[in-house]
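This is what each chain is made of:
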Amino acid sequence: MELSGSGTAEPRPSTSLVMVSGINKRFGGVRALRDVNLEVRAGEVHALLGENGAGKSTLIKILSGVHAHDSGTIEIAGKPVEFDSPAKSREAGIAVVYQDLSLVESLSVADNLLLGREPRARFGFVRQRALMARAEAFLNELGIPLDTRATVGSLPFAYRQMTEIAKALMGEVRLLILDEPTSSLTSDEVGILFDAIGKATRRGVGVIYVTHRLNEVFEISQRVTVLRDGANAGTFVTAETDMKRLVNAIVGTDRSASTGRRTEPAAKRELDLSLVLSLSGASNDRLRAVDLSLLKGEIHGLAGLIGSGRTEILETVFGLRPLESGTIEIEGRRWLPRGPADAIEQGIALVPEDRHVQGLVLDHSIERNVTLPRIPHFSRWGWMQQRAAARRAETAVARLAVKAPGAFSLVRTLSGGNQQKVVFGKWNDPRPRVLLLDEPTVGVDVGAREEIYAVIRNAVRDGSGVLVVSSDLVELIELCDRISVIVNGRVARTLSRGEIDDAEELHHLLQMYQATGPGPLQELPA
Amino acid sequence: MTELTAPNVVASSTRSDRRRKILQNLLRGERPYMLYIAFVILLVVFSLSSPWFLSVDNFLNIGRQTTLVSIIAVGMTFIIIARQIDLSVASTLALSGMAAALAMSQINNSWIVGAVAGLGTGALVGLLNGILTTQLSIPSFLVTLGSLSMARGLAMMVTNTKPVIITNETYFAIFGEGTFLGIPVPIAWTLAAMIVGILLLHYNVFGRRIYAVGGNPTAALYSGINTKRVTTAAFVLTGTLAGLAALVLSARSHAARPDVVQGMELDVIAAVILGGCSLFGGRGYILGTLFGSLIIGTLNNGLVLLGVSSPMQLVIKGAIIVAAVAFTKR
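Note that the protein sequences, when read in sequence, are chains A and B.
FYI, our numbering numbers position 165 of the first sequence as 165, with every residue one higher than the one before it.
FYI, our numbering numbers position 220 of the second sequence as 746, with every residue one higher than the one before it.
Treat the hints as calculated values from the structure; they're not laboratory data.
Incorrect hints may have been included.
[Unchecked claim] Here are the computed distance ranges between Cβ atoms for each label pair:
id: 1; chain 1: B; residue 1: P665; chain 2: A; residue 2: S102; range: 52 to 58 Å
id: 2; chain 1: A; residue 1: S102; chain 2: B; residue 2: K754; range: 37 to 43 Å
id: 3; chain 1: A; residue 1: Y98; chain 2: B; residue 2: Y559; range: 48 to 54 Å
[Stated by the list, open to error] Computed footprint of chain A on chain B; a stretch qualifies when at least three of its residues, placed anywhere within it, have a C-beta under 8 Å from a C-beta of chain A:
id: 4; region: 726-735
id: 5; region: 750-757
id: 6; region: 811-819
We put the beta carbon where it would ideally sit given N, CA and C, even for glycine.
Bound-form chain A, shown alone (with noise of 0.2 Å):
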């Protein structure tokens, strides 16, 4: 791989702020980077891209001093610097902002700001007009329009974050690293952000600022490096390169060589025209008028970043998030979602986004897992039949493969793969008529993602329709019959096997959509 792509930047190590040349790193038997570089110049906004585990957060948490690097070296303002602790990193002037901030809700904008070292007076009490009086007049400096005296618990994200950046620059910060800000921000509030972010680097900091929206890349970044499989896959001036050519970078041409995927399409198999749910106008405080039909037997994705509202749909459908307009179908019979035991009962089965905090039971057994959503089926008068559980559970195991000692092993000594097999067994049997699955092999190894692949082809087989949230677009044109791309909380359009068959094309798809907002509805076949 070159270590940097055309278009190049000519580096001049005089302004260079970081320097990161050569850096490996490996997570067992996993090389998770491969002689990385990257430069930040004083005042620069450079851009990180990449696809999820191309290895942006490993590199992040390095620099941060999160994990330590195995070979390469990281140099700041000349100097080789060494990180040990997330405190050795701090100390050499780099602050990262994490999307789950480090505020206290409950102490105000000035409170937070000046957080361990307040302004004192004698016995430790605090001269909290000294205290207002250097917050705002730090805010005024860099032309923040916060409120100091304003709760940070009742302020909107978009503050919060700018009081995290702003916390961040009371200090000695030189570099800023930004990790998806944007991701659950409204447009004006990204604008509000963008704007604390040019006042960062005005004052000569640089900013590393990471995202998955193209668009944002040319509204504020100078440069841009791109990851991909862990290596550097080009960096370029902002200005002097285009949409195309930074897709090109992230999706790669030899995808399929470099990963061993396959991306052939799903073979094109004849579908049973019939619905089994559909959405008409469904719209809640995060879906605006979504349309959207599962047929069955018909494996449908849902393609969109972070944000967009995929994960919504799922979670109106099975009941979690109230339906406030618009119909949803069953079979052709409206049904108004009243709460999950509710979907379960229509035969709507949700395999969830994270597996660990709304899957499993993790310190439970792989049969109480399993038989959680049908309790009842394996009860006589309320009282349970340990030997149908028991069994249930060992068909699960033996059906599924899942690699464990037997069914009553505690599933958090089981391998991800092995975890997320247990999540699909809660819905083995019987046959849910629809199962929503959300990122179905996000930490799967590649071997338990070709078996949970064979699950739901499985699944859809016996006549269930699937609908599948994936941020990995290769995997969504490896399995989807159609794919409905989704944007601001809305289907941007519904696209057939045949008109997309390359996972590159529909990442340019999806940016453009996500640069210029979603298009005119498209009709939906059938």
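Fit chain B to the supplied structure of chain A, relying on the hints for placement.
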């Protein structure tokens, strides 16, 4: 689907698995044996140091003394497995006892009316605890801290802090002084509560749901479990058992007093935690709770027999509870 079914292998492993599972049901917990060892050590120490300790009469005595804690601890086991806490149990006991005695004195002096009033009052307090906790999303620590105070206050208000005398002989016989199959009835009621608890927790749908709600409330919700209803039911169960304990206590003392068993909730919680329940939810078992309350009862009894002063008893009891939890925690 990967057709990897090997039915024979699966079937043959089933039986031993199942037997192991039944054992696990009874002895659930990370290191349950520590609990039994602690109990045996206590027995040995007291037997060696007091000639009166090792006798049938004394053990019956311990059983009677631990009755109230043991009965309520069955309910508290459900509550703590479901990641909740109930601080109001002692006050609920006092209020239920007053309700039972007053109802009897007002209506026909009937023991049935007394029993229904006592159990019903307990259940009602539990229901309110449960509804406030789940519907208003107030932490149960705060809800039951409030009801601890309110139930005690109500118990004192109804008679202006005066005790209510009970005269029904049948009531005494059923709940306090009779024997059932040769077992003193307070102990028989404790055993009954334990058996119901074991059946509900380990063999009933309700128990499955309690474990799931405590083990991971979000996953339970995503699996279609009505977590609020399940949690509320645990509070109702505990309140009802506090009512049962009130019947036992008032039948033994031939009266209901509004100021009884103050602070007993701490003994109940200590018994449940000693018994291997995790305060983080999702783990625990009734038999452990039984041993937990026996340890507390034995401590109380043994220290008295040894002639330890009552302030010193408190210190020793507290230290032993902390040490035991430190050893048995996961």
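Hints, one by one, checked against the model:
Evaluation of the 52 to 58 Å hint for P665 of chain B and S102 of chain A yields a failure: the beta carbon distance comes to about 24 Å. Taking 37 to 43 Å as the suggested C-beta distance range, the pair S102 of chain A and K754 of chain B does not conform, at roughly 32 Å. Range check, Y98 of chain A to Y559 of chain B: about 44 Å between beta-carbon atoms, so the 48 to 54 Å window is missed. Counting residues of the region 726-735 of chain B whose CB lies closer than 8 Å to any CB of chain A gives 7, which reaches the minimum of 3, so the coverage claim holds.
Counting residues of the region 750-757 of chain B whose C-beta lies closer than 8 Å to any C-beta of chain A gives 3; at least three are required, and the coverage claim holds. Under a criterion of three residues with beta carbons nearer than 8 Å to beta carbons of chain A, the stated coverage of the region 811-819 of chain B fails, only 0 such residues being counted.
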